[in-house]
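**Q** Now for the letters of each chain:
Protein chains: 4
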Amino acid sequence: MELGSTEMMIVMEEKATAEDVGRILELLESAGARGHVSTSDVVTVIGVMGERDVVAGLPLEAYPGVDKVLPILRPYKLVSREFRRTDTVITVGGTSLGGGHVALIAGPCSVESREQLLEAAAIAKRGGATMLRGGAFKPRTSPYAFQGLGIEGLEILAEARESSGLPIVTELMDPRHLEAVAKYSDIIQIGARNMQNFQLLSAVGEVDRPILLKRGLAATIDELLMAAEYIVKEGNSKVILCERGIRTFETATRNTLDISAVPIIKQRSHLPVVVDPSHAAGKVDLVEPLSLAAIVAGADGVMIEMHPTPETALSDGAQSLDPGQFATVAARIRDVVAWAGKTMG
Amino acid sequence: MELGSTEMMIVMEEKATAEDVGRILELLESAGARGHVSTSDVVTVIGVMGERDVVAGLPLEAYPGVDKVLPILRPYKLVSREFRRTDTVITVGGTSLGGGHVALIAGPCSVESREQLLEAAAIAKRGGATMLRGGAFKPRTSPYAFQGLGIEGLEILAEARESSGLPIVTELMDPRHLEAVAKYSDIIQIGARNMQNFQLLSAVGEVDRPILLKRGLAATIDELLMAAEYIVKEGNSKVILCERGIRTFETATRNTLDISAVPIIKQRSHLPVVVDPSHAAGKVDLVEPLSLAAIVAGADGVMIEMHPTPETALSDGAQSLDPGQFATVAARIRDVVAWAGKTMG
Amino acid sequence: MELGSTEMMIVMEEKATAEDVGRILELLESAGARGHVSTSDVVTVIGVMGERDVVAGLPLEAYPGVDKVLPILRPYKLVSREFRRTDTVITVGGTSLGGGHVALIAGPCSVESREQLLEAAAIAKRGGATMLRGGAFKPRTSPYAFQGLGIEGLEILAEARESSGLPIVTELMDPRHLEAVAKYSDIIQIGARNMQNFQLLSAVGEVDRPILLKRGLAATIDELLMAAEYIVKEGNSKVILCERGIRTFETATRNTLDISAVPIIKQRSHLPVVVDPSHAAGKVDLVEPLSLAAIVAGADGVMIEMHPTPETALSDGAQSLDPGQFATVAARIRDVVAWAGKTMG
Amino acid sequence: MELGSTEMMIVMEEKATAEDVGRILELLESAGARGHVSTSDVVTVIGVMGERDVVAGLPLEAYPGVDKVLPILRPYKLVSREFRRTDTVITVGGTSLGGGHVALIAGPCSVESREQLLEAAAIAKRGGATMLRGGAFKPRTSPYAFQGLGIEGLEILAEARESSGLPIVTELMDPRHLEAVAKYSDIIQIGARNMQNFQLLSAVGEVDRPILLKRGLAATIDELLMAAEYIVKEGNSKVILCERGIRTFETATRNTLDISAVPIIKQRSHLPVVVDPSHAAGKVDLVEPLSLAAIVAGADGVMIEMHPTPETALSDGAQSLDPGQFATVAARIRDVVAWAGKTMG
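Sequences listed follow chains A, B, C and D, in order.
Residue numbering for the first sequence follows my numbering, starting at 1 and increasing by one per position.
Residue numbering for the second sequence follows my numbering, starting at 1 and increasing by one per position.
Residue numbering for the third sequence follows my numbering, starting at 1 and increasing by one per position.
Residue numbering for the fourth sequence follows my numbering, starting at 1 and increasing by one per position.
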């Protein structure tokens, strides 16, 4: 029985009438979709076939007699594994991420000064990092906390790229800064709190830079993939997903690293995925075990906060490795990457 | 013993040394703060006194020997009940919210057409609503869903205000639209997904319009109050907080309405709070019980999705009341407001 | 098209083969069930029809080619609203709960002494409570906390029933105490931590006492109803459900009261539901607003912790009302019950 | 300043009076504890010193003027890393777990028949498992699901131990079965739903068998350690902790594996910890990546569901490895254990 693409199943209430079912079939027809009815002694189920864009917009749950609507197909297309079977590989400044290439992205939470960042870049390079991170614009929960150096921070990042040879990852928070951030950075980061800032997603979908998209604190994996779809839909297919912990009831860690998200994303999408153990745990001691766990679970990279002198950091000092700790952790990461049969960068 | 304002307590690890404690005291001193040490046979605790802005920025958890840092004072000031004992009352277009005045904000999720909105405004007015809601810019999880009419939608909202006499509440998603949204609306809504879009918060802190700030899906009450502090800090003290459900493991409702947030916010802040039962539950049947619960728990208003014909709605049809349902629910709300000894609008 | 009762839909992976589908149809047939296949250009869906007990036990998700299994029917029967349309009413000791009768269950967390409980019973009676609560066996997170008086506590409860005329609600934690608890109490409480202690559920299913079943901290509404089904299945149909807050990321309250559970349970089940605002919030100040919210949302009762002298309580003192507070809250509850058109007890 | 062991800090409300403070100091004194008051221009903080058992039982939050009570010391003692610095190692039937010894515990969810279990034992042995798991008593969410073979299942397990030489891990659900389960098993498992079944915990604290204690779905790490303290307090210090996923909003996996719990538990406790990736993920495909992640994060073992023929399993078939899958995963686990410098069993 050939039905077209079944997008969803509508389960009717037990008390639903034939008129209720008829009204839904009419709605589907008027939208160019089709319904396939299965009636039993207890319940009626309608399979809906049609174009995703159309069917997704129908207010089916508002119809009388509808109990629930169960989605059959995943709500994204361009980022799905079905759309592209081979892994997407992102290459910037001579280093790669994805498809067997593992990135080690390291650097301070915030760019605080020229000296601080150049030193951090040198430490990162020495430890084998393949990319340098650092925030010029900082999203802070408290309005009284340090908010970043802004454009000046971007210029310092560009200088650090020159001195270290490492590509730069930095965050964009406001569409009004897009041009400046794109000018100075190699990869544009969208932070967890902006994962569903849809205007920002659409904006970076039109720029020629890879996007590192962090999962929101309360976002499901499918919502993360839908956020990526916003970007890819505008033409920018270079998206790196980042698992950085979700919010749960557990307070022993800042967030709960959802390690299962790594293999799940790999199954559902062709996009690469990295893990940020520093923000997930919020503790220096956990960076090594979580980094190793991320790699063996299949991650294409880890992003680690490191600071020349964490005890003077203006933000996230508690979770930043110092130079010695970073060297140790980086060596262990290189070692487990080799064990996993992959290559750094 | 007079110590100054104790901002936090630092609990040291059992293995912490006198040097560890000394280093922290030096840091505090260099920052113009002070530490008060209590040593026992098991653990050392340091009480930290100083200016909040300074102390909050110190990377205390990064210091060797620190087990945990416990905040003593709440991390906001201007929005706190201690800062202002009397309830903030918001008045727009002759109707009030807060301090015994209860708002009934009703209207469709999205502005879909001139006809739809003018009819919705008339239904709202007839049912006793005190304000009209409707979205011109719509944040949608899926990039394939209806995204709103934009500026045209704002013009239609302005027309509906003329015809109904009801003040307009509409959402701002992008700082680039601020001028337009401020021009056409009476109250600017910041959506749940943008609760920590700090650039947007700062931007609306400089405009002369009350802000309706929705709680993020994974935001704590204190984080909501800190987001409000971002706005008030810029000079705009007219902020209305909105509880609209948080994300939990329960799937029977779209979100879990945190009804306790209403009395908790009332204790901690002088700002008014409204409840959005439509987005919390995602179901028409729950709008009445949750609205009544909100009022008796102390909310200063409810915000309800209503549509002239929910079954044709381009968004959120499943949770929109139809005109008959709205009239019934509105009557019950008016009744319970009277029971609670408050007044509508 | 007559199919029998459709229990679930199996969604196949895109890469599933005809053999994969064939194997599932064979399994269904061998189990006396049937499958109805809908094939399209993208995905194949199999509707499964058969006896619930049989179909629920099939390891369908283990079969090659299966993407997901979507349940169509709810996983309980005897407690469902479909099974019985009219509300279940529980009557003990001349007072009722359910079907328009609202219970006010009050008393201390633990029975601490004869004097304490008899005084609490008198205060409860005076304030208009319809039942008396008190724990003889106490589940405590810490092994160093007070664990209850045991059998002696039960005897004191029985004496308090005599003196006050109020029926007794007390908790059972261990099947070995069932006989004793059933002997001395009018209603047996199963605590939140034991909601899925299935041996205990089955045991109380065979006793002639109403059961007050508290929702687990991480239990969905449907899991609560399945736990109730365990009891009813053994022959005891007198089950009262209790919403007492779920565990979420929010720390401002001990738990998050899921007020929406009240109307949802009413839709899905004929069993009565009460709310415990004391354990949900963990704060005295929130007991009144949450009690009122529970009643207007449709609850059949509230269960409130009250203590003659909360500052000497051996457990839960922080959330126990003192006699004056209780009198005030009880009066407000009686008032809102009248507003809602219901009767006390 | 020598103060004794500071158990907690009491933060007073800003409006608290000197009388409020005085009343608390009196309470502390009457309980043999002491309070140390720090007063400032904004807030008063009282440090509480005394015996944990006494202080933990005081209803401090019930006192007028108290804002919050912050615990300083962790609420467990015997299981803490401070109590014992060296790792606890559990040895049964010639194989060890903890302190560099990694266990591979494998077997079916339920014992279904003699043939099934003996075959499973042989497969486990062949794949290098060090222990055999299998449930004779099964906790099931639905009363209509298979509940296990009971005592007969235990006898089959004992036979499988003979044939394979592998020690047996099996679950105890009811204190009335303790003798039988202790007789036939080498390690007694307490399931997630019974983690706070305190009667059961106390009961197994008196038996001479190691206990494998699974973390509850909504239990914090500290609550898991307090549950272990219940057991150790009764004299049984052989407790193995098990992380098996917590309940969150994410639905892509059955539960969210909290991988960070492994290093956190290692920091806080001397007890060994194993990971159950099968129950955490609920999916065969995730067992390998999560097992590897667990080992490199520091786990002392993994517990994996495996079945001779998963498609006929009476429970958890969807997450059970078949013999071929198990051989592959077991080989990878042995390989990563060697990489980590540890030994199997």
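It is possible that some hints are incorrect.
Pair ranges (Cβ atoms, derived) [claimed, not checked]: (1) D:Glu13 <-> A:Arg176: 41 to 49 Å; (2) A:Lys77 <-> C:Glu234: 45 to 53 Å; (3) C:Thr39 <-> A:Gly32: 53 to 61 Å.
Calculated directly from the structure, the hints in this document are not laboratory data.
C-beta: ideal position from N, C-alpha, C; glycine also.
**Q** Next step is simple, just say for each hint if it's right about the structure.
**A** Each hint, compared with the structure:
1. A C-beta distance of roughly 43 Å is found between D:Glu13 and A:Arg176, which places it inside the suggested range of 41 to 49 Å.
2. About 50 Å separates the C-beta atoms of A:Lys77 and C:Glu234, a value consistent with the hinted range of 45 to 53 Å.
3. Taking the beta carbon of each, C:Thr39 and A:Gly32 are about 21 Å apart, not inside 53 to 61 Å as hinted.
In summary, the one numbered hint that this structure violates is 3.
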